Structure formats: C-alpha cells, structure tokens
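Each chain, written out:
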Amino acid sequence: MSASCLNSLPFFLHPSSLVSLIPVSLYGNFPLVNGISLGAIYALIALGYTMVYGVLKLINFAHGDVFMVGAFTGYYLANGLGVRAASSLMSNPEASSIGRLLSRGILGGGVAEPSLVTALIVMLLVMVICAILGVIIERFAYRPVRKYSRLTALITAIGVSLLLENGGQLVFGADPKSYPQLIAARNISLPGGVTVTNQDLIVLVIALGLMVALQFIVYRTKTGKAMRAVSFNLQSAKLMGINTDRIIAFTFALGSALAAAAGVLVAIRIPRIDPLMGILVGLKAFVAAVLGGIGNIPGAVLGGLLIGLTETMVVGYLSPTYKDAVAFAILILILLFRPTGLLGSVAQEKV
Amino acid sequence: MPRFARNLLFALVVIAVLYGIDYVLLNGVGSFQLTPYVARVVMLAGVAVTLAVSLNLINGYTGQFSIGHAGFMAVGAYSSAYFTVNYGERMAQALGGGLHGAFIEFFLATIIGALFAAIAGLVVGVPSLKLKGDYLAIVTLGFGQIIVVVLNNIEAVGAARGFSGIPIVKSFFWIALVAVATIAIVYNIVNSAFGRALISIREDELAAEAMGVNTTRYKVMAFVISSAMAGAAGVLFAHCFDGYLNPKSFEFLKSFEILIMVILGGLGSIVGSIIGAITLTVLPEVLREFAEYRMVIYSLLLIILMITRPQGLLGGIDPFKGWRARRAAKSRTEAEEITAEDTRHAVSVDKEGIER
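Here the protein sequences line up with chains A and B, keeping their order.
Just so we're aligned: 218 in the numbering used here is position 218 of the first sequence, and the numbers increase by one with no gaps anywhere.
Just so we're aligned: 298 in the numbering used here is position 298 of the second sequence, and the numbers increase by one with no gaps anywhere.
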C-alpha cells in the first residue's frame, strides 16, 4: 500500500526515477505517519468487526465488503458531484499513465477542484448509504439465522461476503477503477525535516474524528449504553426492556458507516478500487480487532494502528511482497501467546 | 481372515472398475469417445470430491471450522511438483522409465505431497486448535493467505510467475483412487471409536473433555489427516491437468469453494460432500453462459440455504445408512435398558457385599 502511496509524490511519477529503489526509510519519519494513517483506516474497519462481535459473537465476514461498497459508492457520488474530470482521464486504460500525469502533475490535481468539503460531503453520504446497507444485511441475512448455531451465522456471513464481492463485480465491473481525486496531493514539511502528504494527515484527522464520535455515542448516549448492555448479556438486556433487535441493527449501521468512511479514506490515499479490495483489508482489520482484543473498542483502534504501522515498516525495511502476510503472522503470534488480545479481558468459561 | 479376504477382494474390484472407467474416459470404447473437455471436468470433479470429503472430516464431523483448505492443497501440490521436477523424473529414468517408473514416481509424489501437507496441518493445528470456533476459522484463513504469499516469493517454484514444466500424468485412475481412498478413510474414521470421539467434540466439547476425550489431541489428529488428504488432492491437481501451478489458484476463493461444496451437501455427510463436490464442479460448466452470475447465484443460494436448512441439503440424512442407523438406535436403547438393569443389579450386589 505504501508503494502506491508513494506515487502521490511528484518525483515518483517519473517511471525511470531510481528513487523508487531507495527504501522508504530514507524519507525521515514518512513511514511513521504513513503507517499511522493506514492504521487509522484499519482501525475504523476493525471497530465495526469488534462492535458486531460484541453484540452477536459473530465474525461479520461481509464487513470488509461493506467497506468496498463504501469505496464504490463514493466513486459514483464523487463522479456525480462533478469531480469527474480527473477520473475520465484516468479511467481510460490507454491514457492512464498520461492521464495520471496530467491530472496530478500538470493541472495540479484534477480539473474539478478537489477539496476537503467535497470529500467530506461524499464521505457523509456514503456513510448514510452504507449504514442502510448494513441494516439491510442484518435484517435479511443475519436475523433469520440468529436462532441457529454460531457456525450457521458464520457461514451466512461468508455467503453475504461472497454475494457482495461477486455482485460488486457484476454491478461495478471487475476491472479496477481509478478514483476521482478528492483531495489534491501535496507534501507538507513539518519541522524537523519530516515530510508527510496532506492526504495522510487528512485521513488521520478524519479517522480520529470519527473515533471520537463513536466514543461519544457508545459511552455518552442512551443508545450507546444499550449497546454496551446488549454486548454484556443479550438475554439480560432483553429482560431489562431493551429492544435488542433495534440495538443490533443500530450496531450494524454504525459499524457499516465507519467501514464506508474507511472506504472513502482509502480511496483518498490510493485512488484505485476494485470489487475484491474488501477481502484482504477486511481480514487485516479483523486481525487488528483480534490483536486489540475482540469486543473491545479501544483495542480495535490500538490493533489497527499496530497493524498499519507494522505493515508499513515491513514494506519499508523488508520486502513489499511480504506485506500481506504480516497481519496473519501477527494474528498467529497473538493467538498463541495472548488469545484474548492486548486489551481483552480473560473470560472464564462456564460449564 | 474371511473378512480380510472380503475387503481385499472388494478393494481389487474397486481398483479394476476404476481402471476400466479410466480407460473409457481417456481412450473411449469403440464409437463412444469423450472429448478431452468432458474428461477434464470429470477429473476435476474427482479432485473436488477428495477435497470436500476431507474438509468434511474437520468441519462436519469434528465441528471445527477450517476455511484454509486450499492452503494445504497448495502445500501438497507444490511440494510434490518440486519433487517430480527435480528428482522424480531422474528417478523414473533410473528405474527404467516407462509405465513402471512413472507409477513409482507418481506414487512417491502423492506420498510426499500428503506428508508435507500433513506437516503443515500439524504446524497450523497445534497452536490454533486450542482456540474455539471463530478464531480457528480466521487462523486457517490467515494460514491459507500466508501460504500464497510465501509461494509467491519462492523462486525455486517459479514465485508469482507460476510453476511450469511439471510432468503430466493424465490419469483418472489416480484421481479416482485417491478419492475412493479418502472416502474409505473418512467413512472408517467416523464409524470408529476415534470418529465417535470427534463427533462428541462436535456435539459438546466440554462434555467430551469431561468424558476423558483429549479434545486438542483428537482435533489435531483429525486436522492432520484432513490436511494430508487435501495435500494428496493438491498432488493430483498439480500433475493430472496442465502441469502448471500458480499461487493464485489457491487463494481464499478456492477455500470457500470447497467449503460451499461441503455445506451444500451437508456438514457431517459423506454422500452430501460427494454430491456437493460433483454438483459444484459440473454446474458451472453447464451454466457457462451465465458465468458472471454464477458466484452471485452461489452466494445467494448459500444464504438462503442457511436460513431455510442450516444443516445443508443432506445434513443429518445418510441415504445409504438410514435404516441401519434406525436399527442401531433401536438396539442401542434396548442395550441401554439392559445396561441400566445390569447396573442396578450390580449396585444391589455390591450393597449386599458391603452389608455382608
């Protein structure tokens, strides 16, 4: 991921440039910020996993695909809102490299003036749409199987995931799409010789903002209190008069909205999306949730940041080809030594 | 001894029949000729049967949810292909070549593939089978991905370009033999004390442990056996088709495909797995015109199946054994009554003994 992120740096656009051979580490703290912003995206998705696991004890395999749908919805919305010049240049495969150069290098970042406001509007709309999608998935796929075993629910989740992936290929087309540029890439020099891209910073700030908002909803509102009650004990919560169905649906809406936001944020960093992008990112985010302790909201954030950082470090210092194995290696280690995750509490098994 | 002789005879008949089918498939009889395409689909179905039945041992009978089966298949495929390419051919030459050499070479390749997959199964199984349900699912999935990444980085097996130049053994016989062996092994396992231990783990792990079943040990054993069989399927996949392997063919989607075969047929049903494997291999070929809708329909079917019939189409039904199961159940209740009476009797005898 870092490699394509580097593409947003102007001097990397030159294909013959030897700069791409120099390890990322030579650019000061760049991989650190890069890693944190990638980690923040993982964290946003991991939150959805962890919340759903909290209330239903279900690994929502389809969550990564909701993230993908979010990215695509953003793509169509952004095009609809008029951020289309860049994309029309870029989506043409023959002109793609030239188009990219034109849109970024010569015209200075898209013709339709990408801005933070556009990005935020797109993101909010996408969040609403995906929240609805999440509720629909819960209502029509997960609720009917809730009375069966957890395995049945897990298989259903895999089914929904496959449906979104393949449905996505059918509806959106299987080829990768170039995202309209929502925010023009710029380098920002921070004091101390550190260079970061504005995209990384914006992604980071938005993600943190969303996490704070989530924290507020979960710990300062009545619905949030009900969510916590349901995740503590669904039956008791029901006996206390909580409408558990509504709370579960709300949890799905919340998680899906966060995943959708992550979809748009990912597209800001790496403007290339395809219908299968959700599989790996979703799995890594799930690993992040397990790393932090599944069911634990701060844990998901911590896990996401750790995974993002480690992955960026591996790409920078070892080999980019191993980046997809990092998360799973971490997962296996954590399950071996601390199966409850970093912040998870040890649950006693009752007979 | 008569039982042994009967089994041996049965095995010989099976082998002869398979050999006959093999001949008909590849050479045809008189005017009856199969196109290579049809033969290929039949062979693919055979590999799928091995994969599905072996996965059923873990997912269906032991109740552990593994979704990285393609990873073990990849281990078997690559290790055996590495063997045949680097040593096997020379060995076959040294043995005088011909059918005889090829036979021994391929036999060894199958053993090696299964062995390596079993080792991989052990390495993955030991740490992860201590975990419950969901975690195991995700670890096996992660393992499958790690395998793909590692294979993408090993130059000796062609890395991301794929591994080509594998000697091809176009033989339905081997595929069918491995499939039949897998079915026989799984059938015998689930109908043995070992199998009952596995099923008890599926039904209630805590209770099984309380009854003295070393659950982790049994789970790991089932996992290793299942991995070995997946590895053997990988060997066939590597050698019986194009002589070419690519890490891409062993990604999640392959694992999910095997999983869907098992679930469609019904968890814990061998016949179900066989039917599921054949259906899901043949159906896409029949529905080639609707290729883009295929996976969408699959996934929708899967969801609908889970909602309406979570145990799968044949789950809980064993068409060839239904009457026997009923009879066994009846005699079991009788036996229980007798045992209960015996126990009461024994207790009263004991009491008398103590009183005296």
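Keep in mind the hints are simulated off the structure, nothing from the lab.
Take the hints with a grain of salt, since some may be wrong.
Cβ pair distances, simulated, as ranges [to be verified]:
1) A:LEU120 - B:LEU253: 31 to 39 Å
2) B:VAL126 - A:VAL194: 41 to 49 Å
3) A:PHE232 - B:LYS130: 45 to 53 Å
Keep in mind the model is a prediction, meaning the values are calculated, not measured.
We put the beta carbon where it would ideally sit given N, CA and C, even for glycine.
Within 45 to 53 Å or not, the Cβ separation of PHE232 of chain A and LYS130 of chain B?
At 26 Å between Cβs, range violated.
Cβ separation of VAL126 of chain B and VAL194 of chain A, checked against the hinted range 41 to 49 Å:
Roughly 44 Å apart at Cβ, these two residues keep to the hinted range, so it holds.
Kindly confirm whether 31 to 39 Å is satisfied by the beta carbon distance between LEU120 of chain A and LEU253 of chain B.
Check passed, 36 Å falls within 31 to 39 Å.
Hint compliance for this structure: hint 3 is the single one not met.
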